[in-house]
Each structure stands twice: as structure tokens, then as C-alpha cells.
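Residue numbers (our numbering), protein chains in the order written: chain A, 1426 to 1686; chain B, 1426 to 1686.
Keep in mind that a hint or two might mislead.
Same chains, same names: a pair is fine if it fits in one copy or spans any two.
[Stated by the list, open to error] Result set (DSBU-like, lysine-lysine): computed pairs, CA atoms no more than 35 Å apart in a straight line:
1. K1653 - K1496
2. K1675 - K1599
3. K1546 - K1445
4. K1675 - K1546
5. K1512 - K1445
6. K1602 - K1432
7. K1675 - K1601
8. K1546 - K1654
9. K1496 - K1675
10. K1659 - K1432
11. K1512 - K1453
12. K1601 - K1432
13. K1653 - K1432
14. K1432 - K1599
15. K1602 - K1675
These are computed hints drawn from the structure, not numbers from a lab.
There are 2 protein chains.
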Amino acid sequence: MVPEVPKDHPRYESLITREKLIEGMHQKVVAEAGLIAHGRGEAFDYILGEITPPFALRQEKLAVITLLLAKSPVISVNGNVAALCPKEIVSLSEALGAPLEINLFYRTQERETAIEEALVKAGAKSILGTDPSYQNTITEISHLRRIVDTRGIASSDCVFVPLEDGDRTIALRKLKKEIVTVDLNPISRTSLTSTVSITNNIIRAVVEMVKFANEFKDFNRSDLLEEKKRYNNKDLLQEALQFMSSRLLKLANEKNIFEIF
Amino acid sequence: MVPEVPKDHPRYESLITREKLIEGMHQKVVAEAGLIAHGRGEAFDYILGEITPPFALRQEKLAVITLLLAKSPVISVNGNVAALCPKEIVSLSEALGAPLEINLFYRTQERETAIEEALVKAGAKSILGTDPSYQNTITEISHLRRIVDTRGIASSDCVFVPLEDGDRTIALRKLKKEIVTVDLNPISRTSLTSTVSITNNIIRAVVEMVKFANEFKDFNRSDLLEEKKRYNNKDLLQEALQFMSSRLLKLANEKNIFEIF
């Protein structure tokens, strides 16, 4: 059991989100290493100021457009995604017409089932990745992480893999798939090698992506292609690094920062 | 059980340290929230470049001098410290002549005992903080975190509290104690309110502090005081922020950063 967070703690909100993750670990939805990954995200989000910066909104637009333009987009779900924003990811799946596929770095039958239950509880109507008769393997990567669904990632031209490991992202790119990701570290291998990278907290990002998907889904294909040309993933990641850099410099020069007590 | 990390993974080293923390959690040494805290540290260390920058060496010097000048310095140990560098913290305790005190944010009898065992195994000869007959409370903070040892933190003029929570750091400062910390986030409340903050990975920091302690411990008190005047915690934290800022900007401008595959 997680001890109660004192209500007078200045980082109360952040501690509550942590408890959600820890609770997810107890329910076998979140892998133990998923807690560490969440911590890395917390640090980068702290540097961002825990808000969606302008460049991230542009990344999210580009991400949604890329997924809407794809022939058979798929959304890959892992434990942290299922614990942090299960309802939001189900809404995105519906808005994009892209199925959900459970796809785990630390794969066990128990986790697969726990995540499936969490997604069903959040309103998911169908979920790929759990039926052994549709399992295929990506030979480019070692380990259990190579298993994919023949109806989903295996045959998809564009995969949304938020909070993904770099190894697997690169393997999927080598298979000539377009990859869209959410990763708060702009220089992670996943961020650097994806077709579109969103440098934002996944909780904020997916909510905003649902809005963009509903806004863009009735647009003409040619208009979406035109809009897509306005953005470049590399430029936006550089902007993310520059934004973080200037945030740290601004904090260094804040006169009152040391006047906490 | 933690699944085996594939040897061909480019972040193999980092994954192995993560496994050490996860193993520490299984042994009840590390709190669940301690895994998330480790992740935050990983992100900031990644920005530093996973090396000790020049400003951190100066922070470590100032920290060691401050502890050597104290009347009754104490080293506060929590689960992450015990899991990441138990032998090194015992060496530091010996080099500084400062006792170790177990002091936990998420306090349970089980964790206290597990950490005590880890420290004894690492060579600790005596450990404060576990004998109920010497327990005192800090009224400035709520929660179980207020318990301290009358022979240690309660009566100490200078406490080394690596990886500490901001609430408790501030409470200890209000009691007019000098506080030395290790915290990779230069703008955490702990970093900002401590007397001396070390913005570095604790594994590297403690090893370097032991060297400085052995080098400085035979110095005259007046020489140490003179040396101490050369440094200022606020200036060094600003330098840490500037260093991180320039690292991110440098990465943004690296031409080959996107040429991973």
C-alpha cells in the first residue's frame, strides 16, 4: 500500500500522478521499469514548465495529420499509456479510426491481460495484440518485444507508439513504417528516429490530439498534405531543445528563485 | 522477477542501474516512489552528459569543507542511497567522521530493517535512526518523516541529506542546521534551499567526495574556512542551470544528431 500523501505538500498534484502509476504497478498494468521511465518524463516536463508549449501543439498537429493520411494507422499501447490516459487513448483511437494494439517491452501474459482489462474498462471495443493466432514477429529486434499483430502493427503503414523504446522504434522504421511518438526527451533515440515526435506530457498531448483529429478528419486529403508540408520533425525537435534550453537559462537568471523561505 | 536486459541494447549500462533499483525495491530497500525519483535523476544526468562537470566538482569541494567544519555532521540515508552506493556512503561516513542515520520519507519498519541490513553488509559499524529509545520529532513537518535520532540529526549542526524531499530540507533549514545535498535537479526546492547543493549523479558525487574528504581532513580549520569563502551555492547552481542550458542548445545544433540509422 502507498502511504497517503500529505495534503500540504507543495508537489501534491505530481505526487498523486505518481501514485496512479504505482497503483498501476500493483495492478500489473505498469512494469517496474515503467516507474523509472515516468520519472524521466517528470523531469523533462518540469523543464517545460508543465504546460504545452507552442512547438508541441505544432508537433501534435503534424502527428494527427500523418496518422489521418495513413492507409492503416495503428495505436500501440503499453503499461504507462494504459495507466496514465486510458480513456483519452480510446477516444483518440475512435477519432482517428485507428485500432489499439497492446505491445509491451516487458511482456508477460499477466500484464497483457491487466492492460486489456484497463482498456476495456476505459471503453475500448476491440484490442489487437493479445490473440496468439494473429501473432507475427519482427526479425529486426531481439527479445519478446518483437511480437506484433498481423492485423495491426505488422501490416500497418503508420504506427503511433507513445513512450516507446528506441530499439523498437528503429526496428519499425527499418520496416519502412511511419512512426509517430510522444517522448518528453527530445534527444532520445525514439524522438530522433520517429517520423513525428511530440515533446510533451502524454496526458496533455493525447487530449489535444483528439481535438485536432476531430477538427482535421473531414478535411480534404490534399489540404492535409499541404498542411503537412508546413512542418518538419527535425526543426520542431530543435525548437523543443531550444525551448528547454531557454527555460533553464531563464530560471538561472530569476532573482527570486532562491527566496523560498 | 525482472526480465533479462538484451546485451545488444545501446542503453545497457543505464538499464543495469535501473535493475539495481528494481532489485532494491524487491528487497524493500527502495520505496516504489524511489523508482520514479531515480528516473527524474536519469533525465537530468542525461542532460549533463553522464559525467561530472567542473561546477559539480566545486560543489563537492564546498560540500566536503562544510561537513568537515561542522561540530557534529550527520549523513542521512534513504532507500535510493542505500541501493545505489552503500559502500561509498559508508566510506564517506568514515572519511568525514560523520555517523549514518536512516531517515525515510516512506517509513516502515520493514524498510528500515532492510536498509540497515544493506548498510551493515556494506561495512557500516554503527547506524542511527532505528532505535526507538532515541527517537525525537521535528514539529515543523507533518507525517512520519518528522522522526529523527536524538544522537544524530536532532542534535546535529550540519546534515548531509542526499536525494531529499524539499519539505524536509526546508524544515531542517528552519531549525538552523546547515544542509548539504545531492540533487540532479538544480531548481528543486531541496537544491534551492540547501546550504550546499551538488548537482550530480550520487554514484559519481559520493566517490569524489570521499577523495576530497581524505585530501582536506588534515587541513587547518582556517585554511578550510578560507577555501569555503571562494564558493557560493547560489552561483554554482546558476552555473549548473547554464551548463544544462548550453548542453541542450549544443545538442540542438549538432548536425549529426538525427543520423542514427
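Against the structure, the hints come out as follows:
no.	hint	result
1	K1653 - K1496	within (16 Å within a copy, 65 Å between copies)
2	K1675 - K1599	between (40 Å within a copy, 28 Å between copies)
3	K1546 - K1445	both (16 Å within a copy, 34 Å between copies)
4	K1675 - K1546	neither (43 Å within a copy, 45 Å between copies)
5	K1512 - K1445	both (14 Å within a copy, 33 Å between copies)
6	K1602 - K1432	between (46 Å within a copy, 26 Å between copies)
7	K1675 - K1601	between (41 Å within a copy, 30 Å between copies)
8	K1546 - K1654	neither (38 Å within a copy, 61 Å between copies)
9	K1496 - K1675	neither (44 Å within a copy, 38 Å between copies)
10	K1659 - K1432	between (42 Å within a copy, 30 Å between copies)
11	K1512 - K1453	both (18 Å within a copy, 33 Å between copies)
12	K1601 - K1432	between (49 Å within a copy, 25 Å between copies)
13	K1653 - K1432	neither (45 Å within a copy, 39 Å between copies)
14	K1432 - K1599	between (49 Å within a copy, 20 Å between copies)
15	K1602 - K1675	between (39 Å within a copy, 30 Å between copies)
Of the numbered hints given earlier, the model fails hints 4, 8, 9, 13; all others are met.
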